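Enquirer: These protein sequence lines map, in sequence, to chains A and B. 1 is the number of the first residue of the first sequence in the UniProt record's numbering; add one for each residue after it. 1 is the number of the first residue of the second sequence in the UniProt record's numbering; add one for each residue after it.
Please keep in mind that the hints were generated in silico from the structure rather than gathered at the bench. No experiment lies behind these values; they were computed from the predicted model shown. It is possible that some hints are incorrect.
Claimed, not checked - The following label-pair restraints were derived from C-beta to C-beta distances:
#, chain 1, residue 1, chain 2, residue 2, range
1, B, Gly57, A, Ser222, 25 to 31 angstroms
2, A, Asp456, B, Lys140, 19 to 25 angstroms
3, A, Tyr5, B, Glu148, 43 to 49 angstroms
The C-beta atom is built at its ideal place from N, Cα and C for all residues, glycine as well.
Residues per chain are reported as follows:
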Amino acid sequence: MSELYEAIRLVAAPDVVIAIVASAIYGLVVGSMPGLSATMATALLVPVTFWLSPIAAIATIITASAMAIFSGDIPGCLLRIPGTPASAAYTDEAYAMTRKGQAEMALGAGLWFSAIGGIVGTLSLVLMAPLLAEMALSFSTYEYFWLAFLGLMCATLVARSSPIKAIASMLLGLLIACIGMENPAGTPRFTFGMTDLLGGIEPIPALVGVFAVSEVMRAMASAEPPKLPKRKFGSILANQWMLTKKYQKPMWRGNFIGIIIGVLPGAGADMAAWVSYAMSKKFSKTPELFGTGHPEGLVEAGASNNASLASGWVPALLFGIPGDTITAIAIGVLYMKGLNPGPTLFTENARSMYALYLIFIIANIIMIPLGIVMIRMASTVLRAPRASIMPVILLLCAVGAYATGNNLFSVGLVGAFGILGFVMERNGYPVAALVLGIVMGSMVETNFVTSLIKSDGDVLPFFERPVSAVLAAMTIGALLWPLGVWIWNRTGGARLQPRGAAE
Amino acid sequence: MQLSDRVTGAVLVGLGGLAAWSGSRLPGVPGQDVGPAAFPMLIGGGLMLCGAMIALGIGHSFEVPEEEEAVPGRSRFYGLRVLVPPALLLFYMFAAEPLGFLLTAFLMVLVGAFALGARARLAVPLALVAPLIVHLAFYKLLRVPLPEGLLGAPW
């Protein structure tokens, strides 16, 4: 109990409180701008976290990402342009509600069920993490190898793209992770004689390039999104209690699916929203109403993507394996702040973990009042012309990349990754898989090579331990899943949508 | 830049082959079978396989076609504007030390805003104010040693 008091004291520190409020506003504003995603908001925050205390640093990441995932619903609902990819699944539905004159209800559902999803996801994190930590203590390199590999395979299932292209993106990420001498043998690889490459490619410049610079590039070639008409909103939360009671079952299902998908390494909020929306339609009593402005799918998917955000921290905290691209950034920050992920984090640093839970809860509670203010101000915020935002984002990319190592080379690297991300996205190669490959490359390799050395080159020990056998089965299942769908479609079964999610 | 699957697949096959080949030439660790070469060779092989499958169009049915949002009535060179952001980053990389942060950032924001179609009434004030705020935040608050160059900040 004293640990809990200590945690409350940590969170109540003035710098943490300021960090939570400031990053909440930042997350709401950035998330609501079309094209600026939650991942990008988080990546640009990393240089700021250098300067903060460990708890304040984690607080900024948690708060900003939760807010950005919610506020991505705002332009989706009002303009039919998702603010973040995680809102894309139900953008059409929300926009249809707006056209029916129910914008308040759609936005309120996004807000209310995001907050509920976030809190339920946090509770699952609180319950699950210590249980799994006990199990994780007995993990060897075999289990870690399979976990990391499973994470990579899940990342390839996320994308609404060809699974082969997704796997190719992931392999490309792993190849980029090979650069430098951070490998078990310490041999410099693929450095082309450049000393700047000896230390390897840092994930942050890669993330900023792929998610932020490529977005600025896209803005250069596309037309400016339409301006939001000024409008007055009625009460935002008026009908939410009615919706909660009416759609209790979909809500819980959404929370549950979101938690499961979040815990799976590599799969995050976007996938949670797509799967939940599809599930909602499948199990609904009135599937024919979907797409015409029916709140049921919004309830389920809106809860789901925020629930996955919290449970995505489970693999990140326990194994250092990112649950999605946001936790990939968070892991870097955890290491930087001396809170190295691992099962012992929960025993040796319990007060920090309690503080983390508290921040999640607080973030999801203050989301409701701040979210209402944001919705009311949305037409003013979204009025800012793109030409005034994108150049500043670009400048922040340059300064942020420079700040990670006080090294101008990383600024060039950010530009290179921007081009790579842009070209890949245009040709249907999912960039999230690339990023997870880069982040997890050295972990996969280290555990793979040490396992092979331990087993004397034998493959059998990879499957012998019970947990590693289960993880191996899941990984291979994820690998063969697209093949199964393809054969099912070919043999004339009822045509399944790819991964049962795309709609 | 929309390329056909054949082109991107072929590029991946080439890249994978190159990775596997140069990986195989890495020196091994004496007395151990599994050295630094194993992983790049494995990845190179995988990339070659995936590239070949992509070039042959396998898995294409899974793709959700992306809506092309071309701006009508523009010349072919209009598409080259996407290269402005990386070019500006390259400019920052080389100019930040000699010119200093404030001047470099001023030029960067100015060019970026004009490339996005801003009028001078918006672009010039933005380019004057944004670098100062970013400098204040990063140099003063976050203690990032931004290069001073020709024009130092007043603080």
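Enquirer: Please list, smallest to largest, the hint numbers that this structure does not respect.
Expert: 2
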